[in-house]
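Read top to bottom, the protein sequences are chains A and B. At position 34 of the first sequence the residue is numbered 34 (this note's numbering), and the sequence of numbers has no breaks. Adding 443 to a residue's 1-based position in the second sequence gives its number in this note's numbering.
Just so you know, the hints here were simulated from the structure itself, not pulled from any lab data. Incorrect hints may appear among the rest.
Unchecked claim - Derived lysine to any residue pairs resembling SDA-like cross-links, with alpha carbons at most 20 Å apart: (1) A:27 / B:495; (2) A:376 / A:418; (3) A:19 / B:467; (4) A:19 / B:493; (5) A:27 / B:445; (6) A:30 / B:456.
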Amino acid sequence: MIKTNLFWNPVIQTLPREKMQELQLRKFQKILKWAYDNSKFHHSMYKNAGIEPGDIKTFQDIKEVPKVEKSMMRSIQAKDPYPYGDMLCVPLDQVTTYRQTSGTTGQPVYQPDTWQDWEWWAESWAYWLYSQEYRKNDRVFMPFGYNVFVAFWAAHYAAEKIGCEVIPGGVMNTEQRLLKMQELHTSAFLATPTYVLGMADTARNNLGIDPRDLNIKRITVAGEPGGSIPGTRKRMEEAWDAKVFDHVGATEIGAWGGECAFQSGLHVNEAFFLVEIEDVDTGEIINEAGRKGKMVITALDRIAQPCIRFDAKDIIEWNKEQCECGSSFRLLKGGVQGRADDITKVKGVLLSPTSIEEVVRSIPELMDEYEVTVTKRGDIDDISIKVELNPEQESNKEAVHQKLTYQLRLKTNLNFNIKYCAAGSLPRWDVKARRFKDLRKKE
Amino acid sequence: MDYDISDMAKRISLLKKEALELKEKAESIPAVECNIDRILASIKMLEINISDIVGL
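Excised from the complex, chain A in its bound form (with noise of 0.2 Å):
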């Protein structure tokens, strides 16, 4: 049964698939005319690597178009045209919005956006806010420092879009947007995972409001994988006593990812965007459910600085399963199970940082925080694990270890040096978490 009440365009998200491949190969064929005709940068990538955008007749094709990777991006910036350099497609003064990546992984990166590129982030946005139910009546609270990360800005233009009340709790602290929610009866708001526990635990222990108390219905979270993590979204949800969903985008692609009210999983939208999976060792694009590989992605629609096969380095699978919405849009098995350059070797084992995660948020008893470290004690890596154990299970301590010994070791093949902390005293986190040390290379 389709759910068309959930969709924002029933016409495209119920495209029968072939028709959106069709859809999808001609929009790729405009993108790579577009960005070869304007931009330098593509222009001499694509010509020295033997093509030109009438080349393009089959998905097949589109495999040997070159990759872009955001370090190429970055050695291209930071000249003429200024500071965006010669992937910039139209003339500097339709550039009307700047921002720019964290810089999480290095230098950040700059992004230029037409009003066009800036209407284009809000429409995709809408797509997802829509299919969780964001409806006008909705009075939506956004904590989250308004400045030159995209962040949420385009969630914000997606609900004003949508009709909802947009309050941005922008220059507060946490305690501020609290009592604003509280104040002004918000139904949803939009963060980070790590702050959205962390909000509820400011709630709690600073300003004795019992989050739920807010009559918060819906949360949707970003920036990090903790949404699509089935212990973390559990916590969320209880915390909060509302729906979470999961998104996902990026400054440098749009909004390309999210989940709908079913919470099946993330969809991709696939009007907007071409994800390809691509197999880390061999190259080879994965087209069934169940292997994962590495994202490859475009963004059909984006001018300025287009994102044409872009290594987003992201880990996915496709689902097997459809959603019960009955969108045309595949889903991605457990969302973005990790990346690429997070995957890393301790004691000869690839590691993925958000499998550490799911086993420490699936632990009722623990609290929510906690830090890994790894560091190398002469030839041999070492892993230790800090946690907080909630004060009122000081006494099933004993269980509550061997439990997350055993899950530690059966999520990642690996023994850790379990340390317990007092509840609080790990580091908290405001926006993304950094949880995850690894000090071999520093020594």
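Fit chain B to the supplied structure of chain A, relying on the hints for placement.
Below, chain B alone, put in the same frame as chain A:
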């Protein structure tokens, strides 16, 4: 629900034509030119949502 996509696309194209003609007539009236630029960006979203589907 069945939608007449072709007819909707035709109307979107008329909107765009009107907006472009208005922009041309209003040369050097920033209040018109700049607002038309915003209208054109919104029309582009209509094209992405509707017109691009025509002919599939």
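So, going through the hints one by one against the coordinates:
1. A:27 / B:495: holds, 9 Å
2. A:376 / A:418: holds, 16 Å
3. A:19 / B:467: Judged against 20 Å, a Cα distance of about 37 Å means the pair is violated.
4. A:19 / B:493: holds, 14 Å
5. A:27 / B:445: violated, 24 Å
6. A:30 / B:456: holds, 19 Å
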